[in-house]
Amino acid sequence: MEQKKRTTIVLFSGDYDKAMAAYIIANGAAAYDHEVTIFHTFWGLNALRKEANIPVKKGFLEKMFGGMMPRGADKMGLSKMNFGGFGPKMIKKVMKKHNAMPLPDLIELAQEQDVKLVACTMTMDLLGLQKEELLEEIEYAGVAAYLGDAEDGNVNLFI
Amino acid sequence: MEQKKRTTIVLFSGDYDKAMAAYIIANGAAAYDHEVTIFHTFWGLNALRKEANIPVKKGFLEKMFGGMMPRGADKMGLSKMNFGGFGPKMIKKVMKKHNAMPLPDLIELAQEQDVKLVACTMTMDLLGLQKEELLEEIEYAGVAAYLGDAEDGNVNLFI
Amino acid sequence: MEQKKRTTIVLFSGDYDKAMAAYIIANGAAAYDHEVTIFHTFWGLNALRKEANIPVKKGFLEKMFGGMMPRGADKMGLSKMNFGGFGPKMIKKVMKKHNAMPLPDLIELAQEQDVKLVACTMTMDLLGLQKEELLEEIEYAGVAAYLGDAEDGNVNLFI
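For the record, the sequence lines run as chains A, B and C.
Taking numbering that gives the first Met the number 0, the leading residue of the first sequence gets 0, the next gets one more, and so forth.
Taking numbering that gives the first Met the number 0, the leading residue of the second sequence gets 0, the next gets one more, and so forth.
Taking numbering that gives the first Met the number 0, the leading residue of the third sequence gets 0, the next gets one more, and so forth.
Check before you lean on any hint, since a few could be wrong.
Identical copies carry no separate label here, and so any pair may be met within one copy or between two of them.
When the alpha-carbon atoms are kept at most 20 Å apart in a straight line, the in silico PhoX-like pairs for lysine-lysine are as follows [what the hints assert, rightly or not]:
1) Lys88 with Lys57
2) Lys74 with Lys91
3) Lys92 with Lys56
Think of the hints as simulated: they come from the structure by calculation, not from any bench.
Hey, can you work out the whole structure from these sequences and the hints?
Take a look at the structure:
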């Protein structure tokens, strides 16, 4: 039996456009029957945040980080031409016109296609993010688990 | 017969310095007889734009994007120390002094070395870029073609 | 005898958080017995700068670059929420609280674990950085050496 191909993506970036690229590649790879993992670390964790403000106990610094970072994929900015939030509005408008999937839908599709979505526990600690604040049905792991997936991978990307 | 090694680069970034890194690695790999693909997506498409203002019919949003994005490699900014365009001038000056190839020459060299330059059709749509505005002799494809090249690759990078 | 797995990282970015991610992955891979190389190019070279101001002879442009770029890992900014240097202070505070290693310690650990730290000679030239200004016991090489390491790699990342 042939082994399945494997795509492993580190999503470090908290930009809407970069996360879109990550999820489009992930969904494509899943459609081609790869085993796909997206390992969310640092600002990439924001793509996994729930939109709602979940009340959890936090220290002062963690509260500050949590307050300044976008709550969920739909709130993220662009890596270029953000123009204080005007850029994302423009891009979402053209995406709608061209029937391109917005990021929250791409994430949902990835979950339906069994793309493994992992949140990096070490950076969750640093940024003060708690499990209650993140989407359901994601996994929690550290760099060792990432390397386990990546070292046998065909496509490894850091985005 | 041994199979050729393969290097596949996603150029997402529209920064002069990052595009330089992508093209230097691509040209190096081609010189070592790899099959090399650079898949240009999102802001990375700007590296493939012609300098001239090509008159094409566009919608309003597409015109805005087109007007705000740099026309061609030489117009791109730096990812760090851009200083409103002063940074790129400085770096081009030191590059000239050290006989380093400017980005447009690196792109030309890549084409001479048969590096496959691909423009992502999905993001061309989003940003309203049309074939007439991009360099000659490039290919047009989507994420499926990218994955086909990447999954058998030795070196896969997202830049 | 089984061949050792290999992880090769291009560190292009000069951001504290991205360099942290690079060094955490590198140290993890080394702990799992990979042969690990970090190839520092462009702004990533700043992670290898000594903190002290080393007096070397430079041209005018090189002096300007040298003066504007951070001297060493501890001086680097964040890719997001830098807030003129306030962000890095915050993140270092939470790192200390959570017993996470600061970047200079991660670099030291990498050297102890025989991670090969390489400085890209071509971009050293461009940015006017000289060997005297960089850490001891690093290697100097170009894109050919990078490709030699990367083409047999299991995990290749561009950060």
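Cross-check of the supplied hints:
{"no.": "1", "hint": "Lys88 with Lys57", "verdict": "between (32 Å within a copy, 19 Å between copies)"}
{"no.": "2", "hint": "Lys74 with Lys91", "verdict": "within (11 Å within a copy, 26 Å between copies)"}
{"no.": "3", "hint": "Lys92 with Lys56", "verdict": "between (37 Å within a copy, 19 Å between copies)"}
Violation of the numbered hints given earlier is absent; every hint is satisfied by the structure.
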